[in-house]
Amino acid sequence: MSTYTDNIEDDEPDFVSNVYNYDWSSTSLGPMEYWDNSITNAVKLCLQSAFPTAISIAPDWTVLYNKAWRQVLKSKHPHALGKTTKENWPDIYERFVSKYERYNSQFLPMPAS
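Note that this note's numbering numbers the sequence shown so that position 111 is 111, with each residue one more than the last.
Bear in mind the hints are in silico, worked out from the structure with no lab data behind them. Possibly wrong hints are sitting among the right ones.
[Unchecked claim] Under the rule of at most 30 Å between Cα atoms (straight-line distance), these lysine-lysine pairs were calculated in the DSS-like manner:
no. : residue 1 : residue 2
1   : Lys99     : Lys74
2   : Lys99     : Lys83
3   : Lys83     : Lys44
4   : Lys86     : Lys74
5   : Lys99     : Lys44
6   : Lys86     : Lys99
7   : Lys99     : Lys76
[Claimed, not checked] Ranges between beta-carbon positions, derived for each pair:
no. : residue 1 : residue 2 : range
8   : Asp36     : Lys99     : 27 to 37 Å
9   : Lys74     : Asn37     : 31 to 41 Å
10  : Lys76     : Lys99     : 26 to 36 Å
11  : Tyr34     : Tyr100    : 31 to 41 Å
12  : Leu45     : Asp14     : 12 to 22 Å
13  : Lys76     : Tyr100    : 17 to 27 Å
Idealized CB from N, CA, C, for every residue including glycine.
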């Protein structure tokens with residue numbers, strides 16, 4: 001599998017370390033060691049991808065992204081990491097939140113009967 005770090009000048013060699021060492025306990029997600037396996041697997045895939053990839057994680061759509069996504073963020077990087085989608089993209093947040101919520105509601109666990 002090709003990763004973003006293959007054959008590219010590395011101006012931020014510890015990007016992945018920065019993601020893993022971020023103070024996630026300061027977010028609604030809490031410390032990374034308590035995250036659900038589905039989230040940690042998605043994070044691993046995101047960080048290994050050669051394509052610009054970001055994940056917005058419920059409940060408040062906290063953003064985590066890979067190195068290639070920096071070109072989308074431009075000057076918002078590195079401050080966008082661990083912030084909510086609303087904090088990072090206030091001008092377009094309302095357009096996306098309903099789609100996020102609709103998608104998320106499809107995968108919420110069914111209440112026990």
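(request) Output the numbers, in ascending order, of every earlier hint that fails for this structure. (result) When the structure is compared with the hints, numbers 8, 10 and 11 turn out to be violated.
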